[in-house]
Amino acid sequence: MEPARSAVGLSIREAVHVLQSSEDGGRVLSALESLQRYLRGTAEPALPGEQEEFAAKHFAVVLRCLVGRLSPRWLQLSPGDRLEQLWDSFFLEGPADQAFLVLMEAIEGTAGPSFRLMKMAQLLARFLSEGRVAALMEEQCRPQMKPGFPLLQETLLSKVVSLPDHLGNHLQQDNLAQFFPQNYFPLLGEEAVQVLQSVVDSLRGGLHCSVSFVSRVLGKVCIQGRHKEILGRLVPQLTARTQGSCLWQRVCWRLVEQVPDRAMEAVLTGLVEATPGPEVLSRLLGNLVLKNKKAQFVMTRKLLFMQYRCTTPMLQSLLGYLAMDSQRRPFLIQALKELLETWGSSSAVRHTPLAQQRYVSMAVLICLAHLGEPELRDSREELLASMMAGVKCRLDSSLPAVRRLGMIVAEVISTRIHPEGPPLRFQYEDDELSREMLALATPRPVGDSPLEARSSSLDPVVAETPAETMEGSVPPAQLQGSDSELDSDDDFIPYDMSGDKELKSSKAPQYVRDCMEALTTFEDKDMERWEAALKALEGLVRRNPEATREVSVELARVLLHLEERTCVAGFEELRQRALVAVTVTDPAQVAEHLTSQFYALNYSLRQRMDILDVLTLAAQELSRPGRLGRSPQHSSVGPSTQCSPTLTASQSGSVMVPDWRVVVENRIRSKTRHFSKGSPWQEPAGGPNEFASVAGCFFFPLIHHFDRPLVTFDLLGDDQLVLGRLTHTLGALMYLAVNTTVAVRMGKALLEFVWALRFHVDTYVRRGLLSAVSSVLLSVPAERLLEDLPDELLETRSWLADVAEKDVDENCRELAVRALLLLERLRDRLLSLPS
Amino acid sequence: MAAPLAPQPPDPQFVLRGTQSAVNAVHFFGGTQAQGCPLLFSGSQSGLVHIWSLQTRRTVATLDGHGGQSVNWLQTLPQGPQLLSQGRDLQLCLWDLAEGRNTIMDSVHLESVGFCRSSILAEGQLHWMLAVPGKDSDEVQILEMPSKTSVCTLKPEADAKPGMPMCLRLWQANPGPRPLLLVGYEDGSVALWDISERKVCSRIACHGEPVMGFDFDSQKTRGISGSAGKALAVWSLDGQQALQVCHTHELTNPGIADVMIRPDRKILATAGWDHRIRIFHWRTMKPLAVLAFHSASVHCVAFAADGLLAAGSKDQRISIWSLYQRT
Chain X
197 MEPARSAVGL SIREAVHVLQ SSEDGGRVLS ALESLQRYLR GTAEPALPGE QEEFAAKHFA
257 VVLRCLVGRL SPRWLQLSPG DRLEQLWDSF FLEGPADQAF LVLMEAIEGT AGPSFRLMKM
317 AQLLARFLSE GRVAALMEEQ CRPQMKPGFP LLQETLLSKV VSLPDHLGNH LQQDNLAQFF
377 PQNYFPLLGE EAVQVLQSVV DSLRGGLHCS VSFVSRVLGK VCIQGRHKEI LGRLVPQLTA
437 RTQGSCLWQR VCWRLVEQVP DRAMEAVLTG LVEATPGPEV LSRLLGNLVL KNKKAQFVMT
497 RKLLFMQYRC TTPMLQSLLG YLAMDSQRRP FLIQALKELL ETWGSSSAVR HTPLAQQRYV
557 SMAVLICLAH LGEPELRDSR EELLASMMAG VKCRLDSSLP AVRRLGMIVA EVISTRIHPE
617 GPPLRFQYED DELSREMLAL ATPRPVGDSP LEARSSSLDP VVAETPAETM EGSVPPAQLQ
677 GSDSELDSDD DFIPYDMSGD KELKSSKAPQ YVRDCMEALT TFEDKDMERW EAALKALEGL
737 VRRNPEATRE VSVELARVLL HLEERTCVAG FEELRQRALV AVTVTDPAQV AEHLTSQFYA
797 LNYSLRQRMD ILDVLTLAAQ ELSRPGRLGR SPQHSSVGPS TQCSPTLTAS QSGSVMVPDW
857 RVVVENRIRS KTRHFSKGSP WQEPAGGPNE FASVAGCFFF PLIHHFDRPL VTFDLLGDDQ
917 LVLGRLTHTL GALMYLAVNT TVAVRMGKAL LEFVWALRFH VDTYVRRGLL SAVSSVLLSV
977 PAERLLEDLP DELLETRSWL ADVAEKDVDE NCRELAVRAL LLLERLRDRL LSLPS
Chain P
22 MAAPLAPQPP DPQFVLRGTQ SAVNAVHFFG GTQAQGCPLL FSGSQSGLVH IWSLQTRRTV
82 ATLDGHGGQS VNWLQTLPQG PQLLSQGRDL QLCLWDLAEG RNTIMDSVHL ESVGFCRSSI
142 LAEGQLHWML AVPGKDSDEV QILEMPSKTS VCTLKPEADA KPGMPMCLRL WQANPGPRPL
202 LLVGYEDGSV ALWDISERKV CSRIACHGEP VMGFDFDSQK TRGISGSAGK ALAVWSLDGQ
262 QALQVCHTHE LTNPGIADVM IRPDRKILAT AGWDHRIRIF HWRTMKPLAV LAFHSASVHC
322 VAFAADGLLA AGSKDQRISI WSLYQRT
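As they're listed, the protein sequences go chains X and P.
Per the numbering used here, the first sequence starts with residue 197, numbered consecutively.
Per the numbering used here, the second sequence starts with residue 22, numbered consecutively.
None of these hints come from the bench; they were simulated from the model.
One thing to keep in mind: the hints can contain errors.
Unchecked claim - Pair by pair, the computed Cβ-Cβ distance ranges are:
1. X/Ala765 x P/His148: 56 to 64 Å
2. P/Gln76 x X/Arg739: 45 to 53 Å
3. P/Arg79 x X/Ile864: 53 to 61 Å
4. P/Gln41 x X/Gly695: 53 to 61 Å
Unchecked claim - Simulated crosslink set (EDC-like; lysine to aspartate or glutamate; CA at most 20 Å straight-line):
5. P/Lys169 x P/Asp110
6. P/Lys287 x X/Glu698
7. P/Lys307 x X/Asp696
8. P/Lys251 x X/Glu698
9. P/Lys182 x P/Glu165
10. P/Lys251 x X/Asp627
No experiment lies behind these values; they were computed from the predicted model shown.
Where a beta carbon is used, it is the ideal one built from N, C-alpha and C, also for glycine.
Throw the hints in and build the complete structure from the sequences for me.
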């Protein structure tokens, strides 16, 4: 062997020498041809031993030499493109790993755009397109004995995975489309499938193979965040090939097992996302969670508890995978227990974002759908305890979305855990989310693909419809049987029957006092009158402000205590509108009464919240500019009529009789000739803000007593829902008091209020506080803010910055950012003011 | 979804005014060639019977035979222009209207002062049967006419206590010779009497309130009844002469004063205390129209042979409607 090797070495050294030095085309060609003999698949090959030696020892030298000589002039040495072809063939036909490394090295070593760089880039593109990467990886899958092999493999790995980055860096604008990541990684996926195919083939042939290099490539690509591209190609192929072949499945399991721990999470996440359902996932992964600790951690904890980015189908795949094998099912039960524990923890309810809560809820429902009766029975007590805790703190929440989540999950859990007991039923509105969640909870047979499940769930519907239609068609047929006539009279088209309403026998009261009397009556026979009075009240109050003012407080008291005694449609709204009308008619008196009642004993939370709503609505109406649209005209007619009882008459009169001003103006317009017409200019209706004089009556009584708990009412304790409503109301009142003199005092009081409550645990309260801050910033004049409340502003600002960064609730963060922007604007305006 | 496409309910074809008191009974007469121009009879609260010509839409004559007491039932006999009127003066008068006469030919003294309308069964030209409320409050008396001989008195069993009869209907099944009587009672039940055996064949509770009016389709042996309550009940009679409730139809407002099926048995009309006339498809009971024209309770409805509908109301008007007519 020794002399033969040296003979090979000599001839090669000679040829390399010729290549390096000669400028003669003929000699170069013959030297290359002599070297080509050592490549595989040529016409007159050298001995296998010589080939191996060439590949192992001299190939890299030859390639480097070739790269070194590359220039346009050199390629022209011999006529035709024979030289170029030969040159290319060394890279494309020789051992792929060395060719690849030399190419990459040369590309990295060549600076700037040049002929050489482009030539090599094109060669690399050919290298890729001819499937040489597959050959490269295949080579790495063979058992290796060579020393220094791990190092080489490591280098290869990093070069293969980072090829798009390197090429992009070096070629800059001239980069080829093949090297773009969106093209390269799918190609890599295809090549990986080829490699796996050849691995399977050689395993069939009894040869030992290892897929660890492919696993490492896969892991590294996934870590780089290109899992979509590579798995998008890989997974469908694997899905198809693992379908009936155990060998393929084993190779596939091995592929995932060999992924380094570091990359396990990225690969598993990508796989869960890319697989169409739990069956496929189970086929691709096998019992990975049992063998690999890291995989177990990722699948049973990380994806479920530490993140919430999986989509619902991903969750279904993941949990379905856990449910599909008896050895994996304990993980599912464990996961359900832990999920429910998380779901039931009150701190999680308060401190995690809504999206995560929804995620956990969905995971719980999917787990339940997969688990059977006996499995649930074993841990019933535990599950029940977590559920009860969760339902309690969710129903306590002031956010409707959280409450609803609690209701849906509780309903499903209770029906699954207690199938024999009476079902738990909550009242919630049916919407897309609830339907989606309930659909998740319907158990489907294990081992059922989603597609099959869908068709099987469709089946009963399909079966039912014909039965139904038949049932529906039977009675007419029977009728026809008994009826000898043809049903030619079916073309009787019904007339519009929408006017068929219930007849009201009693007349509505005509006076406010009558209404009050009717509303306070307790005789059942007068129910119709009671209804009529309720319906008429708002109109009466608005038409008769004077009469209302005489009894306003009394009327407000009656309305506040009014209970729904018959099923009047829209009772709440009628009552609220009447209360608002009374408040608007006599703001000072009624607001004083209402605000005092807000902190009084013996009211329900509902009534207290009604008070807040009414105050807000009334303030809104009072502050609306041009509310008394006709008042300027009337004041010009005579201010004395404004407040006299004839006001109503003149108002109702003006509705029917066209105003004389309009008539006169029309007449003038018709008689006047205009030479040019400007755009019609409408003066916006101006008027005093009526809320200004009474804003204090609305605001201060509400804000003063919030920290004094009563026996029945503890704002800072359990009744945080009302507190949340109160903060919103105060914010709204502040906002409506814009341009009033009392706004500064209100702003000061409100900022103090906000400061006292700024760390409240309830999200709804915090939202209210943040919007209150915004309304302070909007309503109080900038100069006054800086002069009177500089310390408060600074404190608020730091608090806002904190909230904007750290709050768990997205809405809160957004509100805080808005308030900060308002502060910014305030500062900008002050800076731009000439001092 | 079809609601916006539904046409608006029609207006009455014409309205007859001038009774000057509430109209309690209406009845069509004639309309065929043999009987001359079509007429409408109306009985009013003030005891007058108005005869209206449907061509001129004016009163032809006014009959005053009940001493100012309300007239609550009108019926013509098949053998020529003779009219029966029942008043609350305890008289049932037989008027001769032939050749422009309007004289009382005969009268029957009634013994019940209730609101129950009578019923006749004309077997032949000369003999006919009359059912009137009897002396005791729960009795019905059957008279042979024109001899006025009492055939029998139908008194419910002692423990039945159905209350007063509220409406009567004599009829005869086509193949059977035995006359039958349907009675709607105060307790909301409808009973079928076999007159010759003087016993109740069948009795069903249709309503929770007194039956105020019913009509019976003897061809289909199905009937419909309205009560002071909020529902219409459709019941049928099977071969064994047993009544059974087919279904009930819920109404928007309670109180049906009268129910009438059109002679062609296509549609039926109800007179409602809620001032509205309701039209239903008789076979399917599909609601077809709600006619809101009157401003007070509608007391009576009647169909002419040609399908014209008349309704008399407490607001002293009679409205005439033409609905779903075969053209």
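Each hint tested on the structure:
1. X/Ala765 x P/His148: 56 to 64 Å: Cβ of alanine 765 of chain X to Cβ of histidine 148 of chain P: about 59 Å, so the range 56 to 64 Å holds.
2. P/Gln76 x X/Arg739: 45 to 53 Å: 52 Å, holds
3. P/Arg79 x X/Ile864: 53 to 61 Å: 57 Å Cβ-Cβ, so the 53 to 61 Å window holds.
4. P/Gln41 x X/Gly695: 53 to 61 Å: 29 Å, violated
5. P/Lys169 x P/Asp110: 18 Å, holds
6. P/Lys287 x X/Glu698: Given pair lysine 287 of chain P, glutamate 698 of chain X is violated - Cα atoms ~27 Å apart, limit 20 Å.
7. P/Lys307 x X/Asp696: 15 Å, holds
8. P/Lys251 x X/Glu698: 11 Å, holds
9. P/Lys182 x P/Glu165: 27 Å, violated
10. P/Lys251 x X/Asp627: Answer violated: lysine 251 of chain P to aspartate 627 of chain X is near 36 Å, above 20 Å.
Hints 4, 6, 9, 10 from the list above are not met by this structure, while the remaining hints are.
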